[in-house]
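Visitor: The lines below spell out each chain.
There are 2 protein chains.
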Amino acid sequence: MLRTHNCGELTIKDCGKRVTLCGWLQRSRDLGSMTFIDLRDRYGITQLVFNTDTNKDIYNQAKSLSREYVLQVEGEVKERSNKNKNLSTGDIEIIVDKINVLNTAQIPPFTIEDNTDGGDELRMKYRYLDLRRACVRKNLELRHRLSILIRNYLNNKDFLEIETPFLIRSTPEGARDFVVPSRMNPNEFYALPQSPQQYKQLLMVAGFDRYFQIVRCFRDEDLRADRQPEFTQIDCEMSFVEQEDVLNTFEGLIKYLFKEEKHLEFPKFNRMTWQDAMKYYGSDKPDLRFDMKFVEIDDVAKGKGFKVFDDAEIVVGICVQGCASYTRKQLDELTEFVKKPQVGANGLVYIKYNEDKTFKSSVDKFFSQDDLKVIAEKFDAKPGDLMLIMAGKKMKTRISLCSLRLEMGSRLNLRNPFNYAITWVVDFPLLEWNEEDQRYYAMHHPFTAPKPEDYPILFTKPGEVRANAYDLVINGTEVGGGSIRIHDKKVQADMFKALGFTPEKAQEQFGFLMNAFTYGAPPHGGLAFGFDRLCAIFAGADTIRDFIAFPKNNSGRDLMADAPSMISQQQLDELCLDLKKKD
Amino acid sequence: MLRTHNCGELTIKDCGKRVTLCGWLQRSRDLGSMTFIDLRDRYGITQLVFNTDTNKDIYNQAKSLSREYVLQVEGEVKERSNKNKNLSTGDIEIIVDKINVLNTAQIPPFTIEDNTDGGDELRMKYRYLDLRRACVRKNLELRHRLSILIRNYLNNKDFLEIETPFLIRSTPEGARDFVVPSRMNPNEFYALPQSPQQYKQLLMVAGFDRYFQIVRCFRDEDLRADRQPEFTQIDCEMSFVEQEDVLNTFEGLIKYLFKEEKHLEFPKFNRMTWQDAMKYYGSDKPDLRFDMKFVEIDDVAKGKGFKVFDDAEIVVGICVQGCASYTRKQLDELTEFVKKPQVGANGLVYIKYNEDKTFKSSVDKFFSQDDLKVIAEKFDAKPGDLMLIMAGKKMKTRISLCSLRLEMGSRLNLRNPFNYAITWVVDFPLLEWNEEDQRYYAMHHPFTAPKPEDYPILFTKPGEVRANAYDLVINGTEVGGGSIRIHDKKVQADMFKALGFTPEKAQEQFGFLMNAFTYGAPPHGGLAFGFDRLCAIFAGADTIRDFIAFPKNNSGRDLMADAPSMISQQQLDELCLDLKKKD
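Those protein sequence lines, which keep their order, are chains A and B.
Take 164 as the starting number for the first sequence in the numbering used here and just add one per residue.
Take 164 as the starting number for the second sequence in the numbering used here and just add one per residue.
Any given hint might turn out to be false.
Since the list gives no way to pick out one identical chain from another, each pair is judged satisfied if it fits inside one copy or across any two copies.
To be verified - Here are the simulated BS3-like cross-link-like pairs (lysine-lysine), alpha carbons at most 25 Å apart as the crow flies: (1) 176 / 320; (2) 557 / 465; (3) 180 / 320; (4) 745 / 301; (5) 320 / 425; (6) 176 / 536.
Simulated from the structure, these hints should not be mistaken for laboratory data.
No experiment lies behind these values; they were computed from the predicted model shown.
Make the full structure from the sequences, and use the hints.
Guide: So, in C-alpha cells, the structure goes:
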C-alpha cells in the first residue's frame with residue numbers, strides 16, 4: 164500500500180505516530196510562514212502543515228502544488244491547536260516532511276465542492292470530477308449500503324439471487340425494447356429486458372420458491388425529466404403465497420432498510436384501494452405526508468344556477484387550513500397554476516371561510532352565505548380555512564385537483580422529504596382502456612391475476628375487473644409494485660383474449676411461458692422496486708440521476724463517453740445492417 | 164402462505180403436528196393398500212402416506228395424481244417405521260387427509276431426476292424443467308451463496324459496489340462488441356460492455372478508492388465449447404496500491420470463499436512467472452495438481468544424427484512415473500493423440516526406463532543405451548518411468564507438450580477436480596505480436612502498466628516488455644486476471660503508440676479516459692474473476708453452462724425463448740435500419 168492510513172481515520176490517539184497518507188489536494192492556504200493543505204480521499208480530509216521555519220524546502224514544495232494534485236505525504240501526527248469539530252480528523256494535523264507528487268492535475272473545469280460552480284452539462288461531461296464531490300459520493304455510498312442490506316434481508320428470508328439473461332426475446336407488448344442485432348443469426352435480434360418478468364415466473368415454475376435479483380432493466384422510451392434508458396430494479400418473486408404474504412414480506416424489507424439506514428421505525432403500513440386513492444387524492448400514488456383529502460360536493464354545489472358546477476360530472480375540492488387570508492394575487496396565482504397545460508383545468512373556485520365566520524367566494528353571485536356554509540360543513544372547514552374547488556369530467560378533474568393539492572402542500576411546507584408517509588395502494592384495475600388503439604392494455608402486465616371474484620366479468624365488464632396488484636407509495640412516489648400472477652393456463656389464455664390477442668399471436672409471443680404453465684406452475688406472485696428511486700427517497704432527493712454513477716441525459720446520451728456513436732462499416736456489414744436516413 | 168412448512172424441514176421433533184405442505188409430485192408408489200407420494204420443493208422431499216383402510220377417498224384421489232402435479236396437502240406428522248437416512252426428513256412421513264391440486268401437469272419430456280433421460284437440446288428447450296432437478300438447482304444455490312460471501316468479504320474491506328452503465332461507447336480494440344442501435348440518436352449505436360474496464364478506472368480517478376461489481380459482460384465472439392455471449396465477472400479495482408496489495412487482497416477473497424463454502428484452508432498461494440509457466444508447463448495456466456514438469460534436453464539430445472532433434476529449436480519432454488510398462492498400443496494411442504489437429508505435433512519420441520534398468524526407445528537407432536541413460540538422468544527418471552519427448556519450434560512444441568502432459572495427468576487420475584492447486588501467474592508480457600495483422604496487441608488491455616524497469620525498451624524491444632499483470636489459475640483454468648494500470652498520461656500515450664495508434668485515433672477512441680487522466684489519476688490496479696467459471700470450479704464441474712440459469716447454446720441461441728428472433732418492420736423503421744442478406 165502506498166499509505167499507512169486513509170485521510171479519514173487519524174484521531175487524537177494517533178498523535179506522535181509517523182504516517183503516510185495519499186489523496187488529492189482539496190485546498191491550500193498560505194499564511195506567510197506556514198502553508199496548510201487539506202488532503203482529501205474517499206474517507207475524509209486531513210490537514211497537512213508545512214512550516215517555513217522548520218523545513219524551508221518542503222514549505223516551498225508545498226506552495227508549488229495545485230488543486231487536485233495527487234500526493235503521497237509522510238509526516239508526524241500532531242494535536243491541532245485550532246480543532247475542527249466538523250471533521251473526523253479535526254483534532255489532528257500532519258507535520259509533513261516528505262511529499263511525493265503521484266500525479267499532477269489540470270485545473271478542474273468546476274470547483275470540487277458541494278456548492279460547485281459547474282452547470283449540469285459540464286458536470287456530466289466531467290462526471291469523474293463531479294463524483295469527487297462529497298455530496299455525490301455519499302449518494303453512491305448510500306446506494307452500496309442499501310444493496311448490502313437488501314441482500315442480507317432477502318438472503319435471510321431464503322430468497323436466492325439468480326441472474327437472468329440480458330439478451331432475450333423481443334416482445335412488442337409493453338414499452339419499446341432496445342434490440343441487439345445478432346451476428347451469428349443474421350437479421351435476427353435479441354432484446355434487452357424491460358424487466359426479468361417472464362424469467363422470474365419461469366424460475367417459480369422451476370421450483371426456486373423465492374427469487375430476487377438487483378438487476379439492470381432497459382426501456383427505449385422518450386425520456387421524461389427523471390427517466391433513464393437503463394435503470395435498476397430489486398426484482399422479487401415468491402411461490403405458494405397470497406397477496407398478503409407478498410405485502411408482509413416486502414413491508415418487512417422496507418422497514419428493515421429504514422431501521423438500519425435511518426434508525427426510523429414504522430407501524431404497519433397504511434393500505435388504500437386504488438378506488439379510494441383516486442377518489443380522495445386523484446392519484447394512484449397519493450402523497451400522504453399531509454391530509455387535504457378530496458371532498459365531493461355535488462349534492463350541495465349543484466342546482467344553484469352555476470353552470471360550471473351544474474354541467475359537471477363531478478364537483479370536488481380540498482380544504483386548505485389557515486389560508487383564508489390568501490390575497491387576491493395569491494388566489495390568481497393558483498388559478499394560473501391550474502390552467503397550466505400540465506394541470507389542464509379550466510378554472511378554480513375558491514371559498515374563504517373568514518375568521519369572522521363570514522364567507523367570501525369567487526361564486527358569490529350564485530351562492531348565498533347559507534349555501535356556502537353548507538358547503539363549508541361538507542368540507543369540515545373551520546374559520547380561517549380556504550376551500551379550493553374544481554368541476555368537470557370525473558377523472559380529469561381529480562387529476563387536476565391532485566396537482567393543486569400537491570402545490571398547496573408544497574406552499575405550506577407540508578412535504579418535508581425526510582417525513583416519510585408510506586402506503587400500499589391495492590386492488591388496481593386489471594385492464595386499462597386505450598383510446599388511441601381502441602383496445603384494453605394490461606395495467607401492470609399480461610401475467611397479473613384478476614381477483615377471483617371479478618374473473619366472471621372479465622369479458623362482460625373488463626374495465627371493472629380488479630387485479631391482485633399493488634404498489635408501494637412513499638411520499639407520493641411509486642417505489643415499487645407487483646401482483647399475484649396467473650398460474651392457470653386457462654386464465655392466462657382468457658387474459659390474452661381480453662387483451663385482443665388471437666391464440667396464434669399469444670402463442671407466438673408468449674408461447675414458451677404458456678407452455679411452461681402446462682407443466683405444473685405453482686401459485687406465485689412478487690414485485691419489483693425501483694432501486695434508483697428508493698435510493699433517492701432515502702436521501703430525501705428528487706432526482707434519480709444523482710444516484711447513478713454514470714447517468715445519461717434526456718436524449719439518452721452519455722456526455723462523458725460521447726455514446727451512442729457511429730460504428731464502423733465493417734461492424735455494420737458483419738451484422739448485415741444498412742443505415743437509413745431519418746424521415 | 165399456502166403452507167405451514169416446507170418439504171425439507173420436518174423432523175422427528177414435529178411428530179404429532181398438523182401441517183400443510185406444498186410441492187411437486189416427485190414420484191408415487193402404490194403398495195396395494197397404501198400409496199406413498201414423494202412431495203418435492205426446493206428445500207427437500209417429504210413422504211406422504213395414503214392408506215385405503217383409514218381413508219379410502221383420499222387414497223383413491225392420491226392414486227389419480229401424476230408426476231409434477233402441484234399439490235397442497237394437509238395431514239399429521241408421524242414417525243416412519245422405515246427411516247431414510249439420505250433425506251433430512253427421512254425420519255417422518257405425513258398421514259394426509261386433504262389434497263388440494265393447485266395445478267395439473269403434462270408428463271414432462273424427460274425425467275426430473277439427477278440421472279435424467281433428457282438430452283442437451285431437450286433440456287435447454289425445457290430449461291424450467293431441467294432446473295427442477297436437484298443437481299442443477301444446487302449449482303445455482305452455490306452461485307447464490309458465493310455471491311453473498313464475495314459481497315460480504317469485499318464490503319468488509321471497504322469496497323463499494325457501484326453499478327456501471329450497460330449502454331456504452333463501442334471501442335474496436337479487443338473482442339467484438341454487441342451493439343445496440345439508438346432510436347433517439349438515429350444511425351448511432353451503443354455497445355454492451357465487454358467489461359467495465361474504463362468505467363472502473365474512471366471511478367478510481369473519481370476517488371472511490373475501492374470498487375467492485377458482480378456484473379454481466381458481453382462478447383460477440385464465435386462461441387467455443389464453453390463460452391457464453393453473456394457472462395458474469397467479479398470486477399474489482401483499488402487505488403494507491405502496488406501489485407503485491409492486489410494479489411494479497413484477492414488471495415484473501417479466494418481463501419475466504421474456500422474456507423466458508425468448502426471448509427478448506429490454503430497456505431500462501433504459489434507464484435510463477437509467465438516465463439516459467441511457459442517453460443515448465445507450456446501454458447500460462449498450468450495445471451499444478453500434478454508435477455510432470457517439462458525438461459529441456461537439447462544439450463544431450465542433439466548431435467546424435469536424429470534429424471528431428473538436430474533441426475529443432477527445442478527438444479523437450481516429460482517424465483511419466485511408472486509408465487514404462489505402457490504397451491505398444493498405448494504408445495501408439497499417445498502418438499495419435501499428439502498428431503490430432505488440436506494438439507498439432509508431428510510425432511512423439513518415447514524412452515522407457517525399464518525396471519531392469521535397460522532402456523527401450525523409439526529412437527534406438529540413433530541413441531545408445533548410454534545416450535539414453537544420460538537423457539534419463541536429465542529427466543531424473545527412475546526405473547519404471549516413461550519419458551515422452553517432442554521437438555520443433557519452441558512455442559508450438561511447448562503448447563503441444565502441454566496437451567500431452569494434461570492427457571497423461573488425466574490417464575493417471577491426477578486431475579481430481581476437488582484437489583485444488585492454485586497459483587498466481589505473474590509478469591505477463593505487455594504486448595503480443597499478431598502475425599495476421601502484423602502489429603502488436605495488448606496482451607491484457609491497453610491500460611496495463613509496463614514494469615517500470617522494462618519501460619525504457621518499449622519501442623526498441625516491445626516483445627520483451629513485461630507487464631505488472633497477473634492471472635489466478637486454479638487446476639489449469641484461468642479464473643481471474645488483472646494488472647496495475649497506467650495512471651500517467653505520457654506512459655498511456657506511449658502505450659497507444661506502441662500499439663500502432665495515431666494520437667488522433669487514440670484520442671477518438673479513448674479520449675475521455677486519457678482526458679480524465681490529466682485531472683489527477685491515482686496509481687491504481689485491479690482484477691476481474693470469471694464468476695461462472697469460479698462457480699464451476701467450486702462444484703468440481705467442467706462446464707460453466709450448468710451454473711447459468713438460462714444459458715445460450717453454441718450459436719448464441721436461447722432454445723427455450725427462441726431468441727434471437729425477427730423484429731417488426733415498425734421496430735426497424737424506428738431504428739432507421741434496413742436488413743441486408745448475408746453474403
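Visitor: All the hints need checking, so say for each whether the structure fits it.
Guide: Hints and how they fare:
1. 176 / 320: Intra 42 Å, inter 23 Å, cutoff 25 Å: inter-copy only.
2. 557 / 465: within (15 Å within a copy, 99 Å between copies)
3. 180 / 320: between (46 Å within a copy, 23 Å between copies)
4. 745 / 301: The answer is neither: 42 Å in one copy and 51 Å across copies each exceed 25 Å.
5. 320 / 425: both (22 Å within a copy, 23 Å between copies)
6. 176 / 536: neither (71 Å within a copy, 70 Å between copies)
In summary, the structure is inconsistent with hints 4, 6 from the numbered list given earlier, while agreeing with the others.
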